[in-house]
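Residue numbers (this note's numbering), protein chains in the order written: chain A, 1057 to 1381; chain B, 1057 to 1381.
These are computed hints drawn from the structure, not numbers from a lab. All the pointers check out, no bait thrown in.
For each label pair, taking beta carbons as the anchor points, the in silico distance ranges come out as:
1) Phe1156(A) - Met1354(B): 52 to 60 Å
2) Phe1156(A) - Gln1177(B): 19 to 27 Å
3) Lys1193(B) - Phe1156(A): 26 to 34 Å
4) Trp1155(A) - Asp1209(B): 42 to 50 Å
Covered stretches of chain A (in silico footprint by chain B; criterion: 3 or more residues with CB under 8 Å from a CB of chain B, positions within the stretch not fixed):
5) 1132-1146
6) 1161-1167
Quick reminder that beta carbons are idealized off the backbone N, C-alpha and C, glycines included.
There are 2 protein chains.
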Amino acid sequence: MVLDPRSKLDHHGKVVALVGGVGGAKLAYGLAKNLPPEQLTIIGNVGDDFQLYGLHISPDLDTVMYTLAELANPATGWGLAGDTRQMLDMLHTYGETPWFGLGDRDLATHLLRTQWLREGQSLTAIVGRLLAGLGVKHRLLPVTDDPLATVVDTAEHGTLAFQDYFVRHQWQPTVTRVRYQGAEDAQMTDQVAAALDAAATIIMCPSNPVLSIEPILVVPGIREKITNRRGVCIAVSPFVGQQALKGPAAKLMGELNLDISVQGLFTYYDGLLDGLVIDETDREQVAGLAEQEKFTLMTQTIMNTPDDKVRLARECLDWVGRFQP
Amino acid sequence: MVLDPRSKLDHHGKVVALVGGVGGAKLAYGLAKNLPPEQLTIIGNVGDDFQLYGLHISPDLDTVMYTLAELANPATGWGLAGDTRQMLDMLHTYGETPWFGLGDRDLATHLLRTQWLREGQSLTAIVGRLLAGLGVKHRLLPVTDDPLATVVDTAEHGTLAFQDYFVRHQWQPTVTRVRYQGAEDAQMTDQVAAALDAAATIIMCPSNPVLSIEPILVVPGIREKITNRRGVCIAVSPFVGQQALKGPAAKLMGELNLDISVQGLFTYYDGLLDGLVIDETDREQVAGLAEQEKFTLMTQTIMNTPDDKVRLARECLDWVGRFQP
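Please model the complete structure; the sequences and the hints are all you need to start from.
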């Protein structure tokens, strides 16, 4: 594969985006603003799904869904803009100490999902219904409808369920190992398989590689489909100046002795990437790259405004159009 | 039993109140203000419990609980004062048409109850925990921890679940029959049995006789324990001027050819009542009473303010103190 500086295709064929939570959702939003629904499939992480007060909660899927619907809380990136916390306040009155932010409007999502799951509907179908209710026409697919739980072995507290580590302990424990329980028995859905088979472009959004993208890649067959792709696969680095913009990615990967440099990310996504989009801040790292890892796009990767998201997505798509097999 | 006009005991022994929803809850509140926790047991109706969005909802128990905690919405008598409806609003966004009023703060009650039931706790224990959380020291006991569902056969819509009739159809269908599904297999709890055995006074609060009190009386053994009481049993009529103050009691009893006059209520509670508390408005009805039904207390039974509730409860207790075996 070569990079043709002159080529700038308007048509990228079908695009698949792998996405986790807040950071990835921003790029997914930008992609959805650049591509019609039939050209984009967003595959979401379910490794951080969990049960709380009998509700099935899918934090990453909801973050992507609310972001696509332009309903996400701009201050946090997750939850619903303008949401209230009356239910949580009443739980406190009952002497409970809820540690997860359940907004009142957000509860409607959890109640419907939980009810529909109990009725036997698939998570895929449920996300589709919820998206339709919010007027979102782009597809968001859970990577699997089967149980898959990211768990974190820590030095201080032993094994923690993901949200226990991430929210209750605010990702402060030292991580010794990350595991994906149930992954080996999880099946990618037919829709996910078809989207990957049809993809001319696969984009790993700027989400935590270990906690957001990896729980997608570990589902049997996903990595093989990406490896055997007929098109291009790129990732957008979630790091700027070797720091995570948000969340535990840099801290956790350091604890796991994973290198978060540009070269380190190529190594982490071993053999999967044709190119990596990095922030201009990390320009000096490119000089030291090995020849086979030289395809990098340097740009402004921090997405604060809707325009930032649309612009970065556009740049990624333009760049991908220059890859020539 | 005779009525001694001079006797006015301060100590009534243990009191049991049978209670349904809003009207009954008001008197229960008044009783709780007149009696210490160890002297009062409130037995609540579970026939209108139902499931909605996966939540176990106990409308009558919650109304009593919130009323005792002085948290009930004064405008409606049910729900929590100052509660919001963000979750319901979001359900509408999803295209749902929720027909039951679930306040955001109220949801905390339903979520905890549902979770604790799934964990195997009894409804009795759960109501106790919720009451403790709200700082209520008086006991509220569901008549049974077993399934018991009031259903309504209607001329227009066939058989309706209770809340379907009461809330969704706003009690407008014509009722041909009321049934209490599961009643024959429901067991009164040990706590309910002990409270009735120990009761010197049993008070049927001004709740719907057919829809609120009857689902308590149909639990096997309850009627027998009241019949074989060692003390006094009175009821407070929920009717004023042959109209229900609230809800379907008069309309429904008319459809079932039940007489809601003073004499009619004695007949309805066949053999269970020593006396009936009625509104002064219904004074003229007493003249026609048969000798064995003549024990009536005429007073102001409409309870608008907290003072009304406390005063009516006080009058009931004073009156009961005049019954001499």
